[in-house]
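Student: Kindly produce the complete structure, drawing on both the sequences and the hints.
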Amino acid sequence: MTGETQIIGITGPFGSGKSTAASFFESKGFIKITLSSFLEEALLKSGKEITRFNLQDLGNLWRQKEGSGVLARKALEHISNNKIEKAVIDGIRNLGEVEELKRTDSFTLLGVVADRKIRFERVKHMNNREVLTQELFDRLDYRDLGITGDEEAGLQVAKCLAISDYFINSNDENGYKERLGEFLNKI
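Numbering (my numbering), first residue to last: -10 to 176.
Any given hint could turn out to be false.
[To be verified] Calculated pairs, EDC-like style, for lysine to aspartate or glutamate (alpha carbon to alpha carbon, straight line, at most 16 angstroms):
(1) K75 <-> E(-7)
(2) K75 <-> E15
(3) K113 <-> D127
(4) K21 <-> E66
(5) K63 <-> E29
(6) K72 <-> D127
Hints were generated in silico from the structure; no laboratory data involved.
From a predicted model like this one, the values you see are computed outputs, not experimental measurements.
Tutor: Written out as structure tokens, the structure reads:
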């Protein structure tokens, strides 16, 4: 489908630095595709508010109806339709998405991790979605990681991290981009 397209997939809990990594790769010539953008577009069309819960619920619904790799298929279709040669896919949260992307010629999964306290401090100041309290962060984080009992169609970030090809810890933001550059040189 994608021929010689080089694809970097990024997984990790929210606030770990996935979007920073994706923007770094974008600055190196990769086209950034954020899986949640497909969900955000659908929420906007339906008139629903874009919140993490609504994004999670809609993603789970789509995976139940269209299979666990649905968001990855949408990303691959975008890559194919636009003849993209280097893509970075931000926000992989389900094993079905990883399986779908591994069918391509050149896919590497990067797991981005950071301590929970650091992630909470990062996301509580983000203004693009709802304001997060520690309690709401914990509920969303456990659901995102897939440790709340959701089935195959649910979020599975912890499982995606477990099968990542490479890991980068973003606790130290000063050396983070340097480590991303080292990763890019390895693949």
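Student: Now tell me if each hint is right for this structure.
Tutor: Right, here's what the structure says about each hint:
Restraint check: the Cα-Cα separation between K75 and E(-7) comes to about 9 angstroms, which is no more than 16 angstroms; the hinted pair holds. Only pairs whose Cα atoms come within 16 angstroms are accepted, and K75 paired with E15 is accepted, the gap being roughly 9 angstroms. The hinted pair formed by K113 and D127 meets the criterion: a straight-line CA distance of about 12 angstroms does not exceed 16 angstroms. Taken as a hint, the K21 and E66 pair is honoured in the structure, with Cα atoms around 14 angstroms apart against an allowance of 16 angstroms.
At roughly 13 angstroms between alpha-carbon atoms, K63 and E29 fall within 16 angstroms of each other, so this suggested pair holds. Restraint check for K72 and D127: not satisfied, since their Cα atoms lie roughly 40 angstroms apart, outside the 16 angstroms limit.
Figure legend: structure checked against the earlier numbered hints; the only hint not met is number 6.
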